[in-house]
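Q: Got two chains here, separate frames each, mind docking them using the hints?
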Amino acid sequence: MLENQHLKTRVYSPGGTGDNFFAIWRSIIREFWLSHGLGFRLASRNISARYRRSLLGFLWAFLPPIVTSIVWIVLNDQKIVQFGKTDIPYPLFVVCGTTLWQMFTSAVVIPIQTVNASKSILSKINFPREAILINAFYEILFNVVIGMIIIGAMLIYSGINPGFSALLYLPLILQLILIGFTVSLFLLPLSLLYSDVQYLLPTALQFVMYLTPVIYPKPVLTSFEWLFKYNPVGLTLQYIRGGITNSVVDVTTLDFVTVGLATLGLFVVGVVLFRITMEVLIERMGS
Amino acid sequence: MIQNRDILVKVQGVGKKFSKDLKKSLRYGLFDVCKSVVGLGSRERSVLRKDEFWAVRDVSFELRRGEVLGLIGHNGAGKSTLLKMLNGLIRPDEGSITMHGRVGALIELGTGFNPVLTGRENIYVNGQILGFSKKEIDGKLESIIDFSEIREFIDSPVQSYSSGMKVRLGFAVASQMEPDVLILDEVLAVGDIGFRGKCMKVVHEMMNRAAVIFVSHSMPVVNRYCNRAMMLAKGAMMMDTYEVQLAIDKYLSSFEGNNSNIFSSGQVELQKFGFNGIELQTGKGEVPVFDHAEIRINLKSLDERLSKVRIRLNFINKDLLIVASVISEEIAVEQGLINYYFKAGPFNAQPGMYKVSLVVFGESFRDALLIHDSVYNIQVTGEKDYGGHVIILKTEPIS
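First to last, the sequence lines map onto chains A and B. One point on numbering: in this note's numbering, the residue at position 65 of the first sequence is 65, and numbering is uninterrupted. One point on numbering: in this note's numbering, the residue at position 312 of the second sequence is 312, and numbering is uninterrupted.
Worth flagging that the hints you see were computed from the coordinates, not collected in a lab. Each hint can be trusted.
Computed cross-link-like contacts, DSSO-like style, restricted to lysine-lysine with a CA-CA straight-line distance of at most 27 Å:
no.	chain 1	residue 1	chain 2	residue 2
1	B	K20	A	K119
2	A	K8	B	K10
3	A	K119	B	K35
4	A	K8	B	K140
5	B	K201	B	K140
6	B	K24	A	K119
7	B	K134	B	K198
8	B	K284	B	K394
9	B	K198	B	K318
10	B	K234	B	K20
Only chain B is shown next, with the shape it has when bound in the complex (with noise of 0.2 Å):
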């Protein structure tokens, strides 16, 4: 399907500042305006004035046809200003971006349609924004009239329209471009399940003959659709790969810390978590793929009445799903301590972080003494892919 592995967007030392404050920002926006109608523009642009930021710094990268850029990162990391520069809407205030053929963006569709007017009148509309020609309109118009799915209300005014059919009718106008380069923002993750497996399949032919930058906060989606990964945080370039999955992680781990929420009746404590030998009230442990893994785990009783309780353990994926679960039989409370050895696997599971969570239950499995959200992180390493999510632990009790 690629014919060519030409380079097609070429960015280097790229950066981009904005104003925290509005009328600092407008009151710059004047002096910018009058610079550059003086032609001034070029000068002192890499310096900071007061209330201003980096939205984006020292961004450099090529990218060839073929390649799928994901841009990941946290809310605010740059990544729709890099976009917007790409798109040619906002210009760099330092280094430059070379964009080599047509550029197509799908950042946020149906932008434009007008309410009032009908879906068919939109379509054309639409279609001239993204530089379409009536005349080729014309001829798409019933393919994109079939691939949205809505011709029965075709001609019904758009304000009538639920969000879901707007979405189809933009991306059925926007799934006529033939970009070289691809601009993708978190668009896909919009219509019913049918619709966004039918937008998927156009986006992945596109993807064929185009280079792609994709942004997106499902990492599933990236892992799938991308074959190089950009990671940003506060505007710099934290991480350029090849190896998707390295890039994912790193940016999974950077919620650590923030996110481990417990939740206590004030019962029972937790003194230990070790894995492998590697004692760790919190931590980070590695695991091989098919290996086993020892799992200790100290609690303390705080409350002398406890006579048993039993422990689960959840292990979570980069998508929060449980893909694990083991569930202890009851243990006695002797002196106060309650200790849960034993030894799981085999981890045949996707190579990637795990989350720990743990679960302490008292009489019932209604009332939870002690929830643990994340108590430990488990990278399992190794190749990519192995297949399915789902692990089958096995346990057995060590001493």
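Next up, chain A with everything else stripped away, as it sits in the complex (with noise of 0.2 Å):
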């Protein structure tokens, strides 16, 4: 048996544990290795398990960003709402937006909806903690090769071959993805604490999305151009709209790294509020 030097020691105290800013990111790292693999077992756990019940199955995963196209498609075709000249034609357009915005929005939702579905294991047992952003960042991994499906599928029945540089477009991607859970980061101490967060997303994204150029062109000249200069996610889902379909954007490349650098920045201190504000959390949650 192991003398009592060699076992795993762990203190509990009011204190926390003192470290500095990059102490904290080292362990958080080290549990980041050590609860991949529950990560994603729990990523699949969740997956597997929403669409075992229903006859479709998968489908459910394509259908929502399908549809919401469609409707554009129509409205626009109609005639009934009219939108700036795109540069490629509209339902490739129309199906590139939502699908990528879809993914940005699954990445702000997903954060928050798995941390909130994880109450009891959170309150009850002691694992990393980290796992649960692990899960959540598989189960928007999920949801961005759906999109990716759709957006591929889309390209060859509108008869357009960006060419292989948008491939290298693709990994792009992962700075929406970025920006969606950087925002979910933030918003997740207090969506633990106050439902209003849960209440009030759907219809916060819903708000942003028409503020953001995703089912029309970034138009010109006028009074809210600013607004589109500035809105991150904006700039970053033109970008690589553009670059997948290989069209013109007004979105240049400094900018889009600019947003890249400034998420990231963001990102890195949105886990260490996660880490730090979880314990403080996990007792309010009740079990």
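A: This is the structure in structure tokens:
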């Protein structure tokens, strides 16, 4: 049997660990590494359980973005709503837009949902809390893959060959996810205390969608131009859409990279926030 | 079996406060979150804010490998809060807890089971939550399924399982843990008798290698498995002792006074109950193990038509089982008074607290005129453990 000295020792006291930012990050990275398998397992559990009770199964993953797109395609086609001229056929434009947008919203919603759904295990079992974030990440990734399939199918259907350069843009979708995830991380502590966040979120996201060039091209010369100029989601979404459909957008690579770096910085802070606040929140969760 | 007796758990002056009001609790939570982000977490933690109370306070103890600590106390005494702190789920507001080695908690079995997934899939999920890797579970899968005894249904969704089957599966996974510190919360009172025995065997094996903290409301179980007991009341430590029986008695006697139910038809009234010369209407007396006691009961008849009664005394142990019973001959009512004096013994019982209940019958055993649920408490004193639970009391009348 092991001697006491060889055993892992943990101390729980009011003061917290007293670690600085970098020490916390070092331990977060370690936890991420250790709990990766668990996070993946939880995600595959959630995904397979979600569709197991349905007849159409995984088809449900494809339907929402397709239906939303069809609505806008019909509205635009029947001239009920009139958007500006797009560089690519409108159906392709709107399918790419809504699909990318839904990747973003899932990155905002899924972490909050997952943590809230995991309240019971969080308050009963001591396991690395980071596993829940990994769980959320894989579920988002699942949505991203579904979205890519839809976009790919739409490109083929539209008869547009964007060339190999388009493939290089696919990894950039991660930046869209990163923005959503970061927003989610900052909303998480509040969402665990007050259910207002979860009530408000769908409406708020819808509102932001209309302020983002998702279903319409970026308007030229309106009094709201500044809104489009500084909307990080809009900039990222347009840049990626332009890239994978090989069309022209007036978002520069510099804009894109700036948004990316700023988000990365906030994400790093957000993960630490998650680590610090989680233990205060768990005791308020009840069980 | 026990090769070293290191201190594995060290709890020093631990306290935890909660808020009674939900809205305030959430607001305080928000403050706490903000404070911990800015790094002011530790200040003013020992001060109660409005509507807060201490769920646990000033609890200190050390636990060594091989010790099995029974944690007892009323509902809401702070047992579960203490367990949650030991398990690292919530952080104490005061004091500190040091845990050495792997901590295993059997708290709610099958937490995290997804109803739609099959038993087999849930074994993997549950196992990984408990800290096993996928590879480890691959290796243990067969023994887990064997242990759970539900191989036939292992590929059915868990929602079709009975609650007993879910618990079996949960325990089967948890039984694979090899903790240095084991935390048990009322988990053993589940499943059918065969499975419970199996669980106890596994837990017993874990107990030999670990320091155990064990919460239970079942005193026989505490008595049987624990070699140390701690009683909590309103968050405070009332008793911490290696004499498990002492803590159990204290716990049981804390219920006195609030469970003495009296049923009366209005025909008879209890006047005095004397035990070894101490005449108290209700009270507590002591008798050394193997000794005899003199019991004197005085009743008053309130009904002139009543001519004779029979009296029955039941001796009830801490598990609410009747361990001995005394039934009188017919006793005549003389001038409205009924006296029943006798000597009973020997009290060759397990030392501990026994409750005496009194029943007065009229003409037949069907009509009880008076029932006193708990008329007296007898403390049988002596060294621990004299074997059986049943006492055969002999009685002889005295004047």
